[in-house]
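S.K.: These protein sequence lines map, in sequence, to chains A and B. 495 is the number that the working numbering gives to position 148 of the first sequence; each next residue is one higher, with no gaps. 35 is the number that the working numbering gives to position 47 of the second sequence; each next residue is one higher, with no gaps.
FYI, nobody ran anything at the bench for these hints, they're computed from the structure. Do not rely on the hints blindly, as some may be mistaken.
[Stated by the list, open to error] Sample of chain B residues at the chain A side, in silico, Cβ under 7 Å:
1. N27
2. Q31
3. G38
[What the hints assert, rightly or not] Using C-beta positions, here's what the derived DEER-type ranges look like:
4. A/E557 - B/D39: 39 to 47 Å
5. B/P46 - A/D437: 42 to 50 Å
6. A/L481 - B/Q43: 31 to 39 Å
7. B/N44 - A/P473: 26 to 34 Å
8. A/S432 - B/D39: 44 to 52 Å
9. A/E557 - B/I42: 22 to 30 Å
10. A/T498 - B/E(-9): 22 to 30 Å
Note that beta-carbon positions come from the ideal geometry of N, C-alpha and C, so glycine has one too.
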Amino acid sequence: MSIITNRELRDLWADAAKIKEAISGGKVAVADAAVLAKLEAMRVLLAGTLSTADAAVLAKLADLESKLDMILNGTTPATVKLTGSKVQVDTLLNSVSIPAGGNQVFNINPTSEDEIWVLISIDKQPWLLAGSSLIYSSSDGGTNMFYPVRTGVSTTHNIYNPCVSLCLGGLNLATSWGLTPPTSMTEARQYMITPYQADLKGRLVNNSSEVATATVKVVRVWKKG
Amino acid sequence: MDEQRKQQIINALMGIYNAFVPTEDEPELTMFGLISRYNSTGQNVELVGGDWVIQNAPEPLKSLPI
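Okay, chain B solo, but in the shape it has when bound (with noise of 0.2 Å):
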């Protein structure tokens, strides 16, 4: 993955991260809840996941709870 795609998709997280809204079921946002997000957006064509995030990505986003 170029450095071009990993910031893309640092950017999308980050869009993510930035919409999410607290509600009862789902108080904070976690890894599996951005992860699941992106998947549903039909762009995850590397798949992925939560261990990719925690080595790529930045504050706050490599920080979410698991």
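One chain only, chain A, in its complex shape (with noise of 0.2 Å):
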């Protein structure tokens, strides 16, 4: 048996008091089955799992989930944004009918596209393709606008493999304007003048014997966003 002094006794005195006091006053709870339980997950959440099974953070994984699955089933698209080169594909005749010997214009519509291929299909031959240049906004300025030049083109294109040139820009290359036509596409990019000019045009002669269903399609390509 150990023996305490009086003093000691007031101040465990004063101690059960201050702890009576602090229950009373609802400070301390008890540490009845709910407060055990809750201790008990504590301690399972310090045992490693804290990571993955704190409220906050399955909160937000099922946040990030919901997105995810809007994103995933169109609801709310991604919104994305282009740091590299851009491509886009236009439609500018369809299918369209060319009686024999006749043609088609078509407007390119350039807006600040670095390079514009032009894509022909066509199921009659021969044909030809003319542009506008930088000095006659015609569609009729002459065939070297585009290399591959393609004037008298013996072969058909189907929609599937069309016939594609890139567009130089107004270029002449012809020696009608003392220009050495380029015989590599690295000598004709070398001719380019971009940005193309807004009136840039196109024109598609049918030079069979039979009307000609013809497609042009354009590929305009930015090389950074």
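Could you fit the two chains together into a complex? Lean on the hints.
M.R.: Structure representation (structure tokens):
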């Protein structure tokens, strides 16, 4: 048996009074079953599952999951910011019927593209592709505004295999302009003038003896977003 | 173009659509394929094209791939 002094006894009594006051004032909860359950839960969390069991973290994960679901099912499509090249395909002539010996003009409608490629699908031959030039806005300024040049073409091209040329921007790369026509795509690119003129046009000429069906598409390329 | 002629053209186009058989080179009928075949018949005196089909013809013609 240990012996305590009167002073220690008074101190213990004072502490007990403080505890009693705290309990009765609601400042301290009695260690009942609910408290014990919470303590056990905390122990489990601290044992290594805290990162996924935390209510705030779980709420955030649920929120992210919901957003991903909405993006995947198309309810709220994600906004995409392009940081590289951008490509856009437009149909300028949709399966037009061009009479024998006739032609069809199309506006290329450039904006700020770095390159515009013209794709020709036509089921009769021969045919040619002409265009406007920097100094002649009519669509029959010449055939050398595109590379490769498409004149007297003796092949047909269906919708799956179009004939493709690069739009050079209006310089008529012909000897009549005092220029030597390019012999490669690398040379042709050196003559490109961009941004393209806003009123740039093309003209598809059907030199066959039958009605031709033709589709003209353009591939617009912006090198930097 | 009167309504009777319009219907004649649509009937001709539907006939082409129904007769189409996919091949390796042409796996599906496109607007280009439809008009090309119609031109080959020699009946396209109005020189209609894909835009006319979209504006005047019913489904499935108007939604053929361009």
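S.K.: Is 42 to 50 Å respected by the C-beta to C-beta distance linking B/P46 and A/D437?
M.R.: violated (26 Å)
S.K.: Holds or violated: is the Cβ of B/N27 closer than 7 Å to a Cβ in chain A?
M.R.: Since chain A brings a Cβ to about 5 Å from B/N27, closer than 7 Å, the hint holds.
S.K.: Starting from the range 22 to 30 Å, see whether the pair A/T498 and B/E(-9) falls in it by beta-carbon distance.
M.R.: Roughly 43 Å apart at Cβ, these two residues miss the hinted range, so it is violated.
S.K.: Taking the CB of A/S432 and the CB of B/D39, does the distance hold inside 44 to 52 Å?
M.R.: Given a distance of about 30 Å, which is not inside 44 to 52 Å, the answer is violated.
S.K.: Could you check the hint for me, namely that A/E557 and B/I42 are 22 to 30 Å apart, CB to CB?
M.R.: Holds, at about 24 Å.
S.K.: Taking the closest Cβ pair, is B/G38 under 7 Å from chain A?
M.R.: OK, holds: B/G38 within 7 Å of chain A, min 3 Å.
S.K.: Taking 7 Å as the limit, does the beta-carbon of B/Q31 come near enough to a beta-carbon in chain A?
M.R.: Hint violated; B/Q31 Cβ to chain A Cβ min 10 Å, cut 7 Å.
S.K.: Is 26 to 34 Å respected by the C-beta to C-beta distance linking B/N44 and A/P473?
M.R.: holds (32 Å)
S.K.: Please test the hint of 31 to 39 Å on the beta carbon pair from A/L481 and B/Q43.
M.R.: holds (36 Å)
S.K.: 39 to 47 Å was suggested as the range; check whether the CB atoms of A/E557 and B/D39 agree with it.
M.R.: The hint (39 to 47 Å, Cβ to Cβ) is violated, given that A/E557 and B/D39 are roughly 21 Å apart.
In this structure, the hints that do not hold are numbers 2, 4, 5, 8 and 10, in rising order.
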